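These are the residues of each chain, in order.
Protein chains: 4
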Amino acid sequence: MLVVMQQGATEEQIEHVIDRLVDLGFDVHRSTGLIHTVLGGVGGKYDFDVAVFEVMEGVKEAHRIVSPYKLASRGFRPGGTIVQVGPLAIGGDAVVVMAGPCSVENRDQIEQCAELAARTGARVIRGGAFKPRSSPYEFQGLGAEGLQMLRAAADRHGLLVVSEVMDQTQIPLLAEYADIVQVGARNMQNFNLLRELGKQSKPVLLKRGIAASIEELLLSAEYILAGGNYNVILCERGIRTFETYTRNTLDLSAIPVVKKLSHLPIVADPSHGTGRRDIVAPMARAAVAAGADGLMIEVHPDPDRALSDGAQSVRPEQFEELMHQLQAIALAVGRTL
Amino acid sequence: MLVVMQQGATEEQIEHVIDRLVDLGFDVHRSTGLIHTVLGGVGGKYDFDVAVFEVMEGVKEAHRIVSPYKLASRGFRPGGTIVQVGPLAIGGDAVVVMAGPCSVENRDQIEQCAELAARTGARVIRGGAFKPRSSPYEFQGLGAEGLQMLRAAADRHGLLVVSEVMDQTQIPLLAEYADIVQVGARNMQNFNLLRELGKQSKPVLLKRGIAASIEELLLSAEYILAGGNYNVILCERGIRTFETYTRNTLDLSAIPVVKKLSHLPIVADPSHGTGRRDIVAPMARAAVAAGADGLMIEVHPDPDRALSDGAQSVRPEQFEELMHQLQAIALAVGRTL
Amino acid sequence: MLVVMQQGATEEQIEHVIDRLVDLGFDVHRSTGLIHTVLGGVGGKYDFDVAVFEVMEGVKEAHRIVSPYKLASRGFRPGGTIVQVGPLAIGGDAVVVMAGPCSVENRDQIEQCAELAARTGARVIRGGAFKPRSSPYEFQGLGAEGLQMLRAAADRHGLLVVSEVMDQTQIPLLAEYADIVQVGARNMQNFNLLRELGKQSKPVLLKRGIAASIEELLLSAEYILAGGNYNVILCERGIRTFETYTRNTLDLSAIPVVKKLSHLPIVADPSHGTGRRDIVAPMARAAVAAGADGLMIEVHPDPDRALSDGAQSVRPEQFEELMHQLQAIALAVGRTL
Amino acid sequence: MLVVMQQGATEEQIEHVIDRLVDLGFDVHRSTGLIHTVLGGVGGKYDFDVAVFEVMEGVKEAHRIVSPYKLASRGFRPGGTIVQVGPLAIGGDAVVVMAGPCSVENRDQIEQCAELAARTGARVIRGGAFKPRSSPYEFQGLGAEGLQMLRAAADRHGLLVVSEVMDQTQIPLLAEYADIVQVGARNMQNFNLLRELGKQSKPVLLKRGIAASIEELLLSAEYILAGGNYNVILCERGIRTFETYTRNTLDLSAIPVVKKLSHLPIVADPSHGTGRRDIVAPMARAAVAAGADGLMIEVHPDPDRALSDGAQSVRPEQFEELMHQLQAIALAVGRTL
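Chains as they are written, first to last, in the working numbering: chain A, 43 to 379; chain B, 43 to 379; chain C, 43 to 379; chain D, 43 to 379.
Treat each hint with caution, since some may be false.
Because identical chains cannot be distinguished in the list, a pair is counted as satisfied if it fits within a single copy or across any two copies.
Said to hold, decoys possible - Derived pair list, reagent style EDC-like, types lysine to aspartate or glutamate, alpha-carbon separation capped at 16 Å:
#  : residue 1 : residue 2
1  : K301      : E180
2  : K301      : D320
3  : K244      : E96
4  : K302      : E257
5  : K302      : E96
6  : K301      : D150
7  : K244      : E57
8  : K302      : D320
9  : K102      : E257
10 : K112      : E180
11 : K302      : E99
12 : K112      : E257
13 : K102      : E53
14 : K87       : E180
Hints in this document: simulated from the structure, not taken from any laboratory. Predicted model, so just to flag it, every value in this text is computed and none were measured.
The following block holds chain A by itself, in its conformation from the complex:
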């Protein structure tokens, strides 16, 4: 903890800051510069709010030195984490592709997707059974029945299943049918949900919120890790910016940054990250080139008639071509697909 006092801060103001640091268990080192007095705190608690110091009278700025997350930090496992999902290793040499429709709509649709995914080298099928939709008038998902269809199609084709959980009451159902439980961007800071996912053992795919910093993403992962579940896969899926041509701005720099700050694997979702089918392929290639451990891609047999997110779902023939391109890129960065 470092607190820099303003030029001309009074002795009383400095003492007040020192008192608060001592209250929090810090040993305080006081250093008097030409212009500013700096107070360094060593030891002390983790659970305090650095902003409290920033607005104290006489304070210029305050900085937390120790990262607010510990279990998610690279230092905790310098060699990196490989999340093992049955036979599949996420975070190892192979780039893992998870593909499928936005929502499970019916048996036919999901069967076509599973067949395509398996044939082209994807290892995991995705598909939503519970859909968070901005409008109450939009399709909300098939629920448990959708999960059963997804599981059955995956089993027929030797695929694993990832599907989204919308709140903690749905965890048992998801744990029954899915191999990986997905936390959507809107739930990245649903802390009750994160806490419950930490208490169970299914791997969790945690998506970055559209307004979440990389640090906040890692703090949300920390909630799950702190509960004892270390099988967390992060996912970059676009942040909200002023640009409107794309639905979100896919922040691919988050991939190398997360690799540096954390030991957890990270995948990219160019479908949500762009919202436009016509640029999913170049962004998928870019994500692999940037070091992503995997991709989550929406594909639909007939996207123009999809019940949700059809605009960002690629057509089957586009998906097939993309898988070929991705193999070349993976090779170029020393990985396999």
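Dock chains B, C and D against chain A, hints included.
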């Protein structure tokens, strides 16, 4: 629904768009311009995704004409809605102040806040019992015990209670102790929670998410209204931007915009909106000047020792002075406090 | 200067950082914590890039302690600056209204605006002669002829003139006709222009760029001050965010923040800040309530036919009503209009 | 032009909109829907502001149908533009690397950079002689002398030169020494500069502003094209978002989007786009994978001692390794380096 075709779009592409519009129940009017063909769809479904058309081959742009929300729109109740909470009218002539600590910490703290609030003219006491915190190592709230303390203090001083619900399992508890149930910014798109809140009758204070557009805020309100609960109060509490000096950027323009687009009352939260005690007062004054129906302000007897959000909590003497300033501003815009 | 080393940073890495600090003239204090080594630098140069340290091997974070601006900081003139423009004081008790059309279009238009401004209590007339337009096909301004019309109308009605300079070659012309030279948002970091404006004596109204932090605004002011011209008025005119209903998001919190960090006066421009005539009035009131020293408001006799920015120009009758409202708000915050 | 009237718009309001459309030269088609009246305008002027219609009474929304840029649009040259710079083709099969220091500092530094660039396959050397700096106390560049050094080093090693122009008065100097004149992000909307660059023939590398939408980037290109200079190369170099770990957020999706909307070549600048040396390489690879026609990369013999932007400059050995990686990626997307 309006679809503008690209210059040089083929007849086949145009037909494909028309087919999809017809599938959705639209009567299609085709208009051939010098450069672009425009397709207008009349009637048709509400629950479709306009982006699906945007990425169809040959399409330049597509626009939804009818607002995606109906019950929340100004047209639905041109005269505006007054939410009646016991004796208190929110959305009428009086500007309603809701004040109190970020979290309920102990009996003493909440008693001091309640006494202050009642004495200075606030009508509602706020205080969190369940706290969504970015880090798992921070204080998470006192739970039910906190709600009881809050209720007791409010009753002693003739105040109403607003407190945050974190997920749908907590609704019964909140409904028992609070007069207004608050949905926090992180939960603005927790659609299961919104749907459940629509099925009960307690007024709901719905905060804008930090990355939510005004349209998305109104769509979230629509979830509650669609369930039959029309007692919804909106709250502007800051959006996330590139500026880092303030915790968020309080978007006061949302107040007149919501007044134009919707019939629902809207309050402002300058505490979360700025994250800094030292600018809460000017922003509170500005919110009233911009037409806010109320304010939510964090106050704490000893903010430097607050268990959460101390940086943005004003001191009791600051609060008292602010209430005087607000009376003058309210008067200047023809309202009372 | 403070550099926090990563946990496990090597002695070699620490030495490398110390060497660079010494190169920059800093006295280095080394403090070894339980987890992190912290290096404090005292004295040293101003003109270095803190990011260079952030990416050095073994470094966790680096912070500049001394503000990068000096002349613009509140500490330089704790009592605040009043910019005197002829008989007019900007930054004193009176809130100064600057009003007029986006562009000078013709003699009639500017005469009507000047008459309205003078009659209702505005003190300065605005009007662009050189217009920065996103598209090359839009109206680009009348140039010198426009400035002459503006000056003549102002003189007839006892008003002062503010008008925008687009590059340094135009300074002499602006200095001849205007009392205040405006630097537009797109030019906030046109450093050659700022430097030249520092060498002359006309007051400068410096607008915040749409992607500029408050610190960057103050750094741009520093360019002008460093040249010897202390007559700088800052202007908040909206920043770019994800919200699209308004053209920009007017960041009113910049007003109290600038008041805290700097001695310079600050005005608000709710016309550009919102881009919509229908919410200019509430945001103008809010700006005064937040402590603005003045307002810049676009008004046009016939906004639907304005050659530029008609959407954000209020009608004459709206302006008149707004001036009445502003008087009440100014009074409520202890100022005059 | 399409104007959608609000539900319940009066005949008078509709007539007012029609009148304004007619004034602008549009043929108006009126279509009365169940809920909304829609007015379509065919023909008409380019140079009007669509927002003027948005705020007219009774209007719900308004959309411009024809793109505001014409010469920059893909439709103008469906086959794409190759900018020929001496022997070098930008926008063809080969991915062009432009490398060099942020600023030209001295003869030795620039010689080392030129030798490295030429040896590893870069074709263009970059280096600033005039530096836009946020603070007036930072290094501002060597000016004409820097340009001479850059030219000499380039000539010794058979490289081309790109360097930044800060305002229109510097164009002759840049045109003398550089092969490509760069317009920096801060100047993307310096319209006087753009207009002058349109009147001369040197190729222009136009960087996207940190708050500029893709449409605004293309509109700025239009200024240059409209003057008769068709040799424009666009450059994505990061936009400003809420994420602070990186200096900017490199928006790689702009690459495929520009390829779709425009015929102009586009390169990426991962140095400015990230601000951090440690993630330049993955983002450079990603840019090529996304379809960039080239890269602009900052390299410095001793970045820790660079006079500007050292944090984002890679070391010579990092650059060499990166060039090998880029060859592999270029090959994987069917191009050469």
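Consistency of the hints with the structure:
Taking CA atoms no more than 16 Å apart as the test, K301 paired with E180 passes in neither setting, with 37 Å inside one copy and 26 Å between copies. For the identical chains of this complex, K301 and D320 are inter-copy neighbours only, at 11 Å across copies versus 28 Å inside a copy, given an alpha-carbon limit of 16 Å. In this homomeric assembly, K244 and E96 never come within 16 Å of each other (Cα to Cα): the closest approach is 40 Å inside a single copy and 37 Å across copies. In this assembly of identical chains, K302 and E257 lie within 16 Å of each other by CA distance solely inside one copy; the values are 12 Å within and 29 Å between copies.
Taking CA atoms no more than 16 Å apart as the test, K302 paired with E96 passes between copies only; the shortest distance there is 14 Å, against 28 Å inside one copy. In this homomeric assembly, K301 and D150 never come within 16 Å of each other (Cα to Cα): the closest approach is 39 Å inside a single copy and 36 Å across copies. Taking the shortest Cα distances, K244 and E57 never come within 16 Å of each other, neither inside one copy (50 Å) nor across copies (45 Å). Taking the closest pair of Cα atoms, K302 and D320 come within 16 Å of each other only across two copies (9 Å); inside a single copy the shortest separation is 31 Å, beyond that limit.
Proximity of K102 to E257 under the C-alpha cut-off of 16 Å is restricted to the inter-copy arrangement: shortest distance 14 Å between copies versus 23 Å within a copy. In this assembly of identical chains, the alpha carbons of K112 and E180 lie at most 16 Å apart only when taken from different copies (13 Å versus 40 Å within one copy). Proximity of K302 and E99 under a CA criterion of 16 Å is satisfied inter-copy only: 12 Å between copies versus 36 Å inside one chain copy. When the C-alpha separation of K112 and E257 is checked against a cutoff of 16 Å, the pair qualifies only within one copy, where the shortest distance is 12 Å, while the shortest distance between copies is 32 Å.
Taking identical chains as interchangeable, the C-alpha atoms of K102 and E53 lie at most 16 Å apart only when both belong to the same chain, with a minimum of 15 Å there against 30 Å between chains. For a Cα distance limit of 16 Å, the shortest separation of K87 from E180 across copies, 10 Å, qualifies, whereas the shortest one inside one copy, 46 Å, does not.
Against the hints set out earlier in the document, violations occur for numbers 1, 3, 6, 7.
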